[in-house]
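Q: Using the hints, position chain W against chain H.
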Amino acid sequence: MAEAVIRHWVETPVRYQEQFVDQDLEAHKLNHLLYALPGPATTAPGNQRCTTESTAGAGKSVQEEENTRFRVLLDVVQFRPEDIIIQTFEGWLLIKAQHGPRMDEHGFISRSFTRQYKLPDGVENKDLSALFCHDGILVVEMKNSVEKN
Amino acid sequence: MAARTVPHAYPMSSEYEFANPSKIYDQNFGEGVSPSEILAPALYHGYYIRPRLNKQLERGTSEICLNQHKFQVFLDVCQFLPDELSVRTVDNLLEVAGQHPQKADRHGFVSREFTRTYILPLDVDPLLVRATLSHDGILSIVAPRTGKEVKARVNEVKITQQEQPEGKEEQAEEGSEKEKS
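Residue numbers (the UniProt record's numbering), protein chains in the order written: chain H, 1 to 149; chain W, 1 to 181.
Pulled out of the complex, with its shape left as it was, chain H reads as follows (with noise of 0.2 Å):
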């Protein structure tokens, strides 16, 4: 996760506007590649689509699937991507971010927070990817979930 360095700012254009439009808004919160930012770990928005149509027949299966597969969402509204750090260590999940002073409306703030989270048996850094979306919130899932679909 340490090498993966995104600067990215919110000049991006409007993006996946015809997957929401003839579709249930409500289908689609919680598909997190739509609202990922673009870098090395996101795919095309054309390939995803493709996903998203077939996955859209087995939707209850896939419901039932997300209620085992771990899955960490967290609100980083607040933070950058380059101010995050996701580690793992014996089994646990560690997702720290920090930033320094920085100006804002009211004058300068700085913050930091670590969680953690326990990590099913078995389960390594490479077997989880993490997303983080435009819109603030940090998914961190495990990978084959994703290659299942």
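It should be emphasised that the hints constitute simulated quantities derived from the structure, not laboratory data. Some hints here could point you the wrong way.
Straight-line alpha carbon distances no greater than 25 Å define the calculated SDA-like cross-link-like pairs of lysine to any residue that follow [as the list claims (entries may be wrong)]:
id	chain 1	residue 1	chain 2	residue 2
1	W	K103	H	G100
2	H	K96	W	T89
3	H	K143	H	I86
4	H	K143	H	R71
5	W	K23	H	R102
6	H	K96	H	S129
Among chain W residues calculated to face chain H with C-beta under 8 Å, some are [said to hold, decoys possible]:
id	residue
7	N20
8	P21
9	A40
10	I119
Glycine included, each C-beta is placed from N, C-alpha and C at the ideal position.
A: Just chain W now, kept in the frame of chain H:
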């Protein structure tokens, strides 16, 4: 190089677009999100964003109330216990700091730390700053404004003129040039 402060497309409020909003949101940080708290996507400035339930509540705000008689700040510090907070003034800066060790919450274990610095107006005496913490975790910091020291203290510095050394040309203007000639 000033760091950009609004890294994501997330709507804070309608007045967020203005230069000096008296109230800013999203001061609670490091919060876990469960999928049921994510609402349907909404279009914001050409970007789809997902509103969250925890953002719909009027929490996590920082508000500055400034009038003729007092300077007041409300900061939501509900993620911290009273003894994990400190408020101090350094010259005309008001620093609010909080740090809590690892503790368990709904989503797992978390430890947090923050420092927020407000700038006191010129006519506020830093020694008169008082802070109270309400039962629901909102820190209120008040200081009276005197209105006295707003006038700039002007001190005229007298310019002493150096005498022209005798027998030298007038073209020498600076000391170094004088030495050379």
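Q: Taking 8 Å as the limit, does the beta-carbon of P21/W come near enough to a beta-carbon in chain H?
A: Since chain H brings a Cβ to about 6 Å from P21/W, closer than 8 Å, the hint holds.
Q: Please verify that hint: I119/W, Cβ, nearest Cβ of chain H, below 8 Å or not.
A: OK, holds: I119/W within 8 Å of chain H, min 5 Å.
Q: Do the alpha carbons of K23/W and R102/H lie within 25 Å of each other, as the hint requires?
A: Between K23/W and R102/H the Cα gap is close to 17 Å, so the pair holds against 25 Å.
Q: For the pair supplied as a hint, K143/H and R71/H, is the alpha-carbon distance within the 25 Å limit?
A: Roughly 10 Å between the alpha carbons, so the hint for K143/H and R71/H holds.
Q: At a threshold of 8 Å, is the proposed contact between N20/W and chain H supported by beta-carbon distances?
A: holds (6 Å)
Q: For the pair we were handed, K96/H and S129/H, check the Cα-Cα distance against 25 Å.
A: Answer holds: K96/H to S129/H is near 16 Å, not above 25 Å.
Q: If you draw a straight line from the CA of K96/H to the CA of T89/W, is it 25 Å or shorter?
A: Status violated; Cα separation ~29 Å.
Q: Hint check: K103/W vs G100/H, CA-CA at most 25 Å. Holds or violated?
A: Cα-Cα ~23 Å, so holds.
Q: Checking one constraint from the list: CA of K143/H to CA of I86/H, max 25 Å. Satisfied?
A: Holds, at roughly 15 Å.
Q: Holds or violated: A40/W as interface residue toward chain H, Cβ cutoff 8 Å?
A: holds (4 Å)
Checked against the numbered hints given earlier, this structure breaks only hint 2.
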